[in-house]
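Trainee: Below are the chains, spelled out letter by letter.
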Amino acid sequence: MSTLTEAPPPLAPQAPEPKPPKRRGRWTPYWLLLPGILWLVVFFALPMIYQASTSVQTGSLEEGYKVTWHFATYWDALSAYWPQFVRSVLYAGTATILCLLLGYPLAYLIAFRAGRWRNLIMILVIAPFFTSFLIRTLAWKTILADGGPVVGALNTLHVLDVTSWLGWTAGDRVLATPLAVVCGLTYNFLPFMILPLYTSLERIDGRLHEAAGDLYARPSTTFRKVTFPLSMPGVVSGTLLTFIPAAGDYVNADLLGSTDTRMVGNVIQTQFLRVLDYPTAAALSFILMAAILLMVTLYIRRSGTEDLV
Amino acid sequence: MPFVNWLKRNLVVLAGLLTLGYLLLPNVIVTVFSFNKPKGRFNYEWQQFSLDAWKDPCGVSGLCGSLSLSLQIAFWATLGATLLGTLIAFALVRYRFRARGAVNSLIFLPMAMPEVVMAASLLTLFLNMGAQLGFWTILIAHIMFCLSFVVTAVKARVMSMDPKLEEAARDLYAGPFQTFVRVTLPIAAPGIAAGALLAFALSFDDFIITNFNAGSTVTFPMFVWGSAQRGTPVQINVIGTTMFVVAVLFVLVSMLAGNRRNRQKA
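Heads up: the protein sequence lines correspond to chains E and D, in order. Numbers 1 to 309, taken from the UniProt record's numbering, label the letters of the first sequence in order. Numbers 1 to 266, taken from the UniProt record's numbering, label the letters of the second sequence in order.
Quick caveat, the hints were computed from the structure, so don't treat them as lab data. A portion of the hints provided could be inaccurate.
To be verified - Reference excerpt, derived from the structure (chain D facing chain E, CB under 10 angstroms, subset only):
(1) L7
(2) R41
(3) Y44
(4) L79
(5) G80
(6) F90
(7) M161
(8) L185
(9) A193
(10) G240
(11) V246
(12) V251
Stated by the list, open to error - From chain E, some residues computed to sit far from chain D (all C-beta separations above 12 angstroms):
(13) L32
(14) V159
(15) I268
Unchecked claim - To give an idea of the chain D side of the interface with chain E (calculated C-beta under 8 angstroms), a few residues:
(16) N27
(17) L51
(18) I88
(19) A91
(20) Y95
(21) S121
(22) V218
(23) P221
(24) V253
(25) A257
Predicted model only: the values in this text are computed from it and were never measured. Ideal Cβ positions, reconstructed from N, Cα and C, are used throughout, including at glycine.
Just chain E, with the same shape it has in the complex (with noise of 0.2 angstroms):
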């Protein structure tokens, strides 16, 4: 690689450079790009394009598929599940709402208050990522069975009344009704909002708030006008972060729900694998990632920040 890409090292010191110093050859770059591209041009844009094909191909398991462009299998698809595709966008946006107000506490905890038990604090978020998510959304089975602490509670402060009667819950009952597939999918999504969140509010500087404090703004003043204000890149990745896996779930709805709570993501895992209705699956799951694609960019456009890793 070398003798092909070696270049003469400047002579003299020049004036400041523009930033990305260009050394050695211009194939460099490519040499560097071409194996992990390689990659995900045949295992993942590849298999997109063949999904768009098989998405408008019609025949059956047996005779074999063929491109016949039958756009109607989306129009079908749609009018077969639309329930499933409102269902995904209402929980994954109420368990994101969930995950902004729970994790944002958090996140300034660990940002400003927490002094040395910062670490420990940090710890003790990211380790649950290491017990298999699947563990840990069976224990919620465990925390929210019919008749056990939880329920009783909820039950007692008459809480299920209330969300009976809104229908998120039934009876006296959580397991298999919206209330706990939506607790799941917040619990499950949560660390992937207060990460990006601790990060953004870590780089705010803390002489901001003593300014604002200068100007006789009150706590609650100051975080409207300063602190949440230049959280906004960690608010905007935390909620597309929590949003979109969410929208695509279907672990919390089939562990934790019932078939009244089935989302797109089980729609296309049984059209997937059990049904084996190749292109009606192909479709749904098009329509799901142009839904997301067109939400997520027009939330990027609106919160006006490009800012996104």
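Given the coordinates of chain E, assemble chain D onto it according to the supplied hints.
Mentor: Below, chain D without anything else, positioned relative to chain E:
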């Protein structure tokens, strides 16, 4: 009212600690129920304290096999994704070239795509190619979705690195290879390590993509998924508890090591 004032001042702390409790509650339950002696097949109700599962964690057929398979896949996926991802990260930070924007979006898209979409499309590809689903298809898929995360982690570190250090090395007559091994790599190492750790955790824990592309191969998450239908053995809680403890110890040790190194420098 001193109490109300105290409450006002510490509201954030209390709310934060409550969230922390919410995050850790399932881990507490997993740990407690690893000492349970369930009556039926399902380990959802507390019956009686017992150490049986801890004495014999592999006592359930298929459990430790799936665990070792998951560890192997995670190891190779981490190695592959870290290698490919580090190269991409260096190319992106250090060079201006055409198609940079396209490469950046190709890196970003897998992270912005619901897993189920990637899983289904990859299965479409494998079915079309007539590939045998199993170890290799899982490994290919895992390297694919871990790659972007490694690139992001390494990129962040390399971007904050001062190019003057490498120039200095070159001024001191270090060759390109020597500069890379003695200067660049040590500075980038924490980013690479973070990327590798993330890749390992993601691969080891992945269920959705594996579920689509595993065929009849059973990884640990798939074993847990299956057991949720058949009846969960207590041993699963033992493994879950062990994983949590090992992770905490690992992070603690690496943090202490980091602290000591910083103190020596100071």
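Trainee: Beyond 12 angstroms from every chain D Cβ: check whether that's true for E:I268.
Mentor: Given that some Cβ of chain D is not farther than 12 angstroms from that of E:I268, nearest at about 5 angstroms, it is violated.
Trainee: Tell me if the interface restraint on D:Y44 is satisfied: Cβ within less than 10 angstroms of some Cβ in chain E.
Mentor: This hint holds: D:Y44 lies near chain E, its Cβ roughly 5 angstroms from the closest one there, short of 10 angstroms.
Trainee: Just to be careful: measuring from the Cβ of D:V246 to every Cβ in chain E, is the smallest value less than 10 angstroms?
Mentor: Result: holds, 7 angstroms to nearest chain E Cβ.
Trainee: Measuring from the C-beta of D:Y95 to each C-beta in chain E, is the shortest one below 8 angstroms?
Mentor: 4 angstroms, holds
Trainee: Classify the hint on D:S121 as holds or violated, based on whether any CB of chain E lies nearer than 8 angstroms to its CB.
Mentor: 4 angstroms, holds
Trainee: Verify the interface restraint on D:G80: the C-beta must sit less than 10 angstroms from at least one C-beta of chain E.
Mentor: 8 angstroms, holds
Trainee: Regarding the assertion that E:V159 does not contact chain D, is the least Cβ-Cβ distance greater than 12 angstroms?
Mentor: 16 angstroms, holds
Trainee: Should the hint that D:L79 touches chain E count as held when the rule is a Cβ pair under 10 angstroms?
Mentor: 13 angstroms, violated
Trainee: Grab the minimum C-beta distance from D:L185 to chain E and call the hint holds if it beats 10 angstroms, violated otherwise.
Mentor: Cβ of D:L185 sits 14 angstroms from chain E, so the hint is violated.
Trainee: Hey, does the D:L7 contact hint survive, CB to chain E under 10 angstroms?
Mentor: Since the shortest Cβ distance to chain E is 13 angstroms, the answer is violated.
Trainee: Would the hint on D:A193 stand, with a C-beta cut-off of 10 angstroms toward chain E?
Mentor: With a closest approach of 14 angstroms, the D:A193 hint is violated.
Trainee: The hint names D:I88 as touching chain E; please verify it with the least Cβ-Cβ distance against 8 angstroms.
Mentor: 4 angstroms, holds
Of the numbered hints given earlier, the model fails hints 1, 2, 4, 7, 8, 9, 13, 15, 17, 22, 24, 25; all others are met.
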